[in-house]
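**Q** Using the hints, position chains B, C and D against chain A.
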Amino acid sequence: WDEPLIFELSREGRVGYTLPKPIEDVDVEIPEKLKRKSTLNLPELSEPEIVKHYTRLSEMNYGVDSGIYPLGSCTMKYNPKINEEIAGHPGVAYVHPYQDERTVQGALRIMWELEQWLKEITGMDRFTLQPAAGANGEFTGVSIIRAYHLDNGEPQRDEMLVADSAHGTNPASAAMAGFKVIEIPSTEEGTMDLEALENAVGERTAGLMLTNPNTLGIFEDEILEIAKIVHKAGGLLYYDGANLNAVLGKVRPGDMGFDVVHLNLHKTFSTPHGGGGPGSGPVGVKDFLKDYLPVPLVGYDGERYYLDYDVPKSIGKVKELYGNFAVMVRALVYLKVMGRDGLKNASEIAVLNANYLTRKLLGTKGYELPGKTLRKHETVFSAEPMKKETGVTAMDVAKRLLDFGLHAPTVYFPLIVHEALMIEPTETVSREEIDAYVEALKRISEEAYTNPEVVKGAPHNTAVRRVDDVLAAKKPVLSWRMYLELKEKGEVDY
Amino acid sequence: WDEPLIFELSREGRVGYTLPKPIEDVDVEIPEKLKRKSTLNLPELSEPEIVKHYTRLSEMNYGVDSGIYPLGSCTMKYNPKINEEIAGHPGVAYVHPYQDERTVQGALRIMWELEQWLKEITGMDRFTLQPAAGANGEFTGVSIIRAYHLDNGEPQRDEMLVADSAHGTNPASAAMAGFKVIEIPSTEEGTMDLEALENAVGERTAGLMLTNPNTLGIFEDEILEIAKIVHKAGGLLYYDGANLNAVLGKVRPGDMGFDVVHLNLHKTFSTPHGGGGPGSGPVGVKDFLKDYLPVPLVGYDGERYYLDYDVPKSIGKVKELYGNFAVMVRALVYLKVMGRDGLKNASEIAVLNANYLTRKLLGTKGYELPGKTLRKHETVFSAEPMKKETGVTAMDVAKRLLDFGLHAPTVYFPLIVHEALMIEPTETVSREEIDAYVEALKRISEEAYTNPEVVKGAPHNTAVRRVDDVLAAKKPVLSWRMYLELKEKGEVDY
Amino acid sequence: MGKHYLPNLAQRDEMLKEIGFSSIDELFSDVPEGMVKEFNLPEGKSEYEVFLELNEVLSKNKTVLEMPSFLGAGTYFHYVPAHVKYLIERSEFLTAYTPYQPEISQGMLQALFEYQSMMAELYGLPVVNSSMYDWGTAIAEAALMTVRLHRGKRKRFVIPKAISPEKRAVIETYTRGANLEIVEVPWDENGQLDIENLKEAVENAAGVYVEMANFFGLVEENVKEIGEIAKEAGAYFVVGADPTMLGIFEAPGELGADIAVGEASYLGNPMNFGGPRAGVFAVRDDKKLIRQMPGRIIGMTKDADGKRAFVMTLQTREQHIRRAKATSNICSNEALVAVASAIHLASLGPKGLKELGEVILKNTAYLKRRLSEVAEIPFEGLYFKDVPARFGRPYGEIHEVLLARGIHGGYYIGEHFPELGETALFSATETTRKEWVDALIEALKEVA
Amino acid sequence: MGKHYLPNLAQRDEMLKEIGFSSIDELFSDVPEGMVKEFNLPEGKSEYEVFLELNEVLSKNKTVLEMPSFLGAGTYFHYVPAHVKYLIERSEFLTAYTPYQPEISQGMLQALFEYQSMMAELYGLPVVNSSMYDWGTAIAEAALMTVRLHRGKRKRFVIPKAISPEKRAVIETYTRGANLEIVEVPWDENGQLDIENLKEAVENAAGVYVEMANFFGLVEENVKEIGEIAKEAGAYFVVGADPTMLGIFEAPGELGADIAVGEASYLGNPMNFGGPRAGVFAVRDDKKLIRQMPGRIIGMTKDADGKRAFVMTLQTREQHIRRAKATSNICSNEALVAVASAIHLASLGPKGLKELGEVILKNTAYLKRRLSEVAEIPFEGLYFKDVPARFGRPYGEIHEVLLARGIHGGYYIGEHFPELGETALFSATETTRKEWVDALIEALKEVA
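Residue numbers (UniProt numbering), protein chains in the order written: chain A, 7 to 500; chain B, 7 to 500; chain C, 1 to 448; chain D, 1 to 448.
Derived by calculation from the structure, the hints in this document are not laboratory data.
In this text, a Cβ means the ideal position worked out from N, Cα and C, and glycines have one as well.
Among the hints, a few may not be true.
Here are a few chain B residues that face chain C, going by a calculated C-beta distance under 10 Å [as the list claims (entries may be wrong)]:
| no. | residue |
| --- | --- |
| 1 | Glu30 |
| 2 | Arg42 |
| 3 | Lys43 |
| 4 | Pro103 |
| 5 | Gln105 |
| 6 | Phe145 |
| 7 | Ala153 |
| 8 | Ser179 |
| 9 | Gly184 |
| 10 | Val257 |
| 11 | Ser286 |
| 12 | Val301 |
| 13 | His413 |
| 14 | Glu438 |
| 15 | Ala479 |
| 16 | Arg487 |
The shape of chain A in the complex, shown without the other chains (with noise of 0.2 Å):
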């Protein structure tokens, strides 16, 4: 169905709220300068209307309770709702962060018994829980690299390498922090070419960042040979956690040589991811690194546990406080729920689900897949062939997808796989599930060499068809007061 926007729902002196009166109900004068004059366009409904606006948007919307969630790199497994009680403690929403220690060692506990769960789960010494993100976790480590080697006297290391198949954000958040990005190509298996790395690497190297598997889904098994050539040049290795469910319980970045790792809880730890956020990107360092972590660090000394700003060389900090502290919790509750057997099992599961998906896709007219057929957690296709055989894109077979009620993987990434289409089921979905994935994938195949159009023309089924989105960037309408604005010069038509 179609919801109006809720501007448009509004009726006037309709209210949805009540608040306490005041303590003392006195005049406050506010300077005439500062007193609001101008217009507060806000709707105006009441709090049935507005739970049945937002009942139905999210009628509107898929979840991962909403059937398979494929999106490649981005582990969209189930998020247990036993995290959501948990987190949803007054324990957790009703506590200050300027509390007296003593008065928050519940708090301090869980960020602390985190941080030994990720030591282990890692192979690094220390754990900052500071970032709010991936992207924030990977600006935190990339400033940790900079500091180090400012502080090691070597300046000149301003160069990052960044594989060519990495995720956006590395090359971003590495320029964010002032380094020159260097891309590594990728060998025709989709591993990394050792060889350009070699010619990469020099004095003025300051790390490479790395995920491992990579963006494929393809373990780097050269792996203890690139963290040779990096450490050699003087360089850190930097290790995105995106793709850690394929090695939970498996392997540990520390122990593949990793100096530096960033986390995503959202993703490997099952909080939910929002509709875009909260996340969480803890990072982790090997010892001789931990003093530059953010501050404040939690500390426990065996008694009580503490914020701890002591962090002599620290970066600062990457985010106001402490870092999204009721998605940790969430993340906790999954790891002690898991355990030791559950996090490898779930590796294990996530990695023959990708395989399985793989092994039963492969051979379909009209996708191939690049590089080596063994893939970890996620597996990448390329529907090249069947563009150029029927001009039906990547991109319109995800839009076909949707029309079987299944979400479409990513798509047109990594962007050395041209028509990509990057599945990652994850550990959480069923083998039922993967084959009505497979045969819909299949179907697409078929109808893309018999009847392209009904490809090209998808979505059919949706709540909207395809969505215009050159018009939406020729033509920015970007909030309703926009919209009123256009609207009256006869800029839209919608």
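**A** Showing chains B, C and D alone in chain A's frame:
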């Protein structure tokens, strides 16, 4: 969409639970003859699959948050979310009913406070909160009336008078309590026929069960006269609280002459209906009946709240323990938020909405309004003209409404109105929702007279088409087990 | 206050005018003069103030999370998985009513059909209604049903003496109108139903009721035999069973039950100070029985396109159609509680239900063993959840000590069963922790 | 453990076989020999055990419901209406990700567009992104943006000295890579931004940042003038504002802001020990500004049928397309927090937001008046939420007394602003109760 039965989603070996280990892992022998040997065909699914299944089922269901839900006699008002939040407090969920009174002062206070509100709202002197629902309350009330007459040495008072427009639970409850049920007819105006009442009362009269406003939504304006007739004959007056929403904060049953009242917390006091329950049906009585109330009552000595089992002539218990406590909590939250003015406003708007709808629809071809035009919180139209002229029945109209995304009214009730459409918008719907409802009813009238087949064939856009309830009754399939058996035998083809 | 729930409050005057009224009072002109009055009630408060107030009031309750509890006796602290709570709080389930319009209520109908189906498996009887108020009212309704099945010619209903006083009282109140004679069969020296006594009591009985574990937690060993005795006497056999037993104990249907009852809320629902709960009501697939069954039943059928669909069925038994002649007056039931228990059951599956039963059985055994160190266990035998312990001094005194130590002790039953002396029921479930039991025993050692 | 989250664990071997593998290890054959290891981690636990444990741990936190709190200083105890919580917990919102597929994500897209639209109204600037991590990172991103707008030719960014140390630290870390010069402007004797000092600092500045109420809670009287000074010097004007002020205080856009930032989580979100939060980021409708904006933006457009629809737009600014040249590295943001604040705003409406501002203003005034009985208020002027109070003895000692009395006292700022001496910030919002303030003052009277 179609969602399979959970049994069909089952796959061997899957689990959706974790359990703590036993304290000691010793073998405890179960006698051979008591050991479970028969099969236990429960479904086997993982938690993510279960969550998806029930999420989808929920999306195939229409609730108060989905849109207008004007089921007459059911008062489907908005259920404030704050009610749910408070009812979710650990002090509700994790409390055992046999705890020492000193450890449940909060719970007892809530029950006591709720009783005080209900007393003032109804004009009664004492309440039991034990009944689980309206009908359970009715049974309680009429049992009290029976106990009273027996106690008074009048065992011959075995006739319960009931209006012919009464809810079916009234006669059923009276019969269950051992009464003979005598129906009192209504006049053309839609109110009780006083002459018939005069003729019906006598020495065998135990009481009269009445709702005011009655099920036509019409206020029994001769209520004081009715009370006089019944009381004079030695009978008691019972108030069916289903329709209290019409007079909340305006008029009190106690002031109308009623001796016993039951309320529906899930109707009048905004607690959710839960797809059929739980409800809560407190019963209030005038002072002279309070010794007959079920045990325990909740007492307060100015310092301490306590359970009072000292009710000398108590009818006993109508339900285990103290009633649906979690429902009571919700009702009390509502009462505290609303307060005196809020309750009054609620009734006034409920009545305004019903009359607004009545007047807007009045005169539409095919529908007629039996009885007085002035209604209280609900209105009853008859589709009798439409049926005669076009063959379209009230049921067809109801089903066609579903096609417009609207919930149908109650149909074929009260029984005294042919082709009844009983509409109760409640105070929490907006004018625009009522307008849309009237528009839909008008459009259906138009369709009935121009293209009746589209109405008779309705619904067309719902998850399933019109459901065959005749087949359901003729060939009962009441569990998965029965289905499998019948399927095996070829006796069902679906 | 409460304006935020009333969209049309702001449009009141416009709307009145539009339909030709000049004031709200005019809408109430049919109310007799002088009857409308100002109520003596507090003013409404803001949501925040009510939240603060109720939060404080409810915090006065000492929950079983704050103080270890050994209270059972018909209400048990089971753990409710978080996803169960989340799912039944989705407003499409929570705020709907009885699915009168099946076409837009398939979700609730299917969920209830699944509930019926799972309970049918547990109880071994294929016909289950979509819930009664609780176990107690379910027994009472079963009693009335057995009398209807005998067309009122038999009015005696036999129950065990070792039954919960709550249930006992409900049965009595419910059956008074129909003039039933409730006959109690005592327990024998082993705490089991006294078979010899039963044989007398059963004469001319409409029905016989027995529980698979009696009020004292003692597993009833002769359920099948009791059923045979009942049937031989021409009485219907009604079996009560805690659903959490049924993964390891035989299904009532297999033990000969015509009707089985139980408490669905033990699965998927918190204690809530005693309510809401939900009664299971199951019968054999026998038209005669089904016709006399109380409560709502969901059936599977087809829609106009021949597609599978669900609908409330067999409504001609019910009050809104049969009125005074209905099989029961029940209308609103405990649907949401039933759905919660079904979700929990689906999560457990056959393996989980078995495991749950085993954990409870083992924890009960541990509790019993430890209690026997400090008190007398009146009967030998197998216990499930509840264990009676008899002390040498007034239990009230012991209770005070436990309370002072932050322990919710047992439930004193000496009042209802004076023949058992200073006995209290202590209970264990899967939630019971070893350290709780150990702390209890330590305290009892000092005081008992 | 964790089996219940892993449907295919039971089908593992079948599935392996079906795709030609003989073991899981084979799937990891590309991992170098010896790298796979057994982790030293605890075993998994049952959901119930984790629930019990975490419930106990979290109960160790003394919440502001248990102890009245006067802590503010950038984090405030506002009340979150229950319906806001319920709605954002609906899993279709909660568990979705960034709406990459608009056709099945219209719900979240529209909710975010509505968020942008409401914030546009509050801040008086029509272009708002769909959230930054928090207010602090929003300022830092604004600083970087003003430098980009000057094509790196200006690298100075002016901020007030009376700013939260949290924000100050974030700005520093964020702007280090781009080599920004952060210049602080002190406060004058009235606690207001020192205009004369500003005039010097602004020279060659890329941007000037000011807050409508400074860290001490003091309402900044000369926002408009400060903007004029900034613009005259060719700097962009960045205004920070608490959204709860904006029902009664003029919109930043009207006061001349090119960019406005703030904290969305003050509406509709609990404190959560400091996170998650969400930064508001708004700019003028100016292509130049929009092109340099960080973060995700939702736009309105049409679908293939010409129907209105919503989509993420202007993505060419973003990291997944522009990589090292992106306007920011932000990817995951705080969408759900933003939606919660929008739902709260929609509930308040214009009248409610105004009322909220007034209640806070009045409660702050009451707190200030009462505090002035026992402490020195360093500056005269109008306060919003925070009030500084200077004491004659070390605040640490006072704090101990308050804590012992069950009161979360003020936030000591003497460490960060030694020139203010033994000063702590006390805060009031609409949640502050008279009896809390009175208890505080009573305690302070005895100790201060």
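**Q** Next, verify each hint and record whether it holds.
**A** Cross-check of the supplied hints:
| no. | hint | result |
| --- | --- | --- |
| 1 | Glu30 | holds (5 Å) |
| 2 | Arg42 | holds (5 Å) |
| 3 | Lys43 | holds (6 Å) |
| 4 | Pro103 | holds (3 Å) |
| 5 | Gln105 | holds (6 Å) |
| 6 | Phe145 | holds (6 Å) |
| 7 | Ala153 | holds (9 Å) |
| 8 | Ser179 | holds (4 Å) |
| 9 | Gly184 | holds (3 Å) |
| 10 | Val257 | holds (5 Å) |
| 11 | Ser286 | holds (8 Å) |
| 12 | Val301 | holds (8 Å) |
| 13 | His413 | holds (7 Å) |
| 14 | Glu438 | holds (9 Å) |
| 15 | Ala479 | holds (5 Å) |
| 16 | Arg487 | holds (5 Å) |
When each numbered hint is compared with the structure, no violation occurs for any of them.
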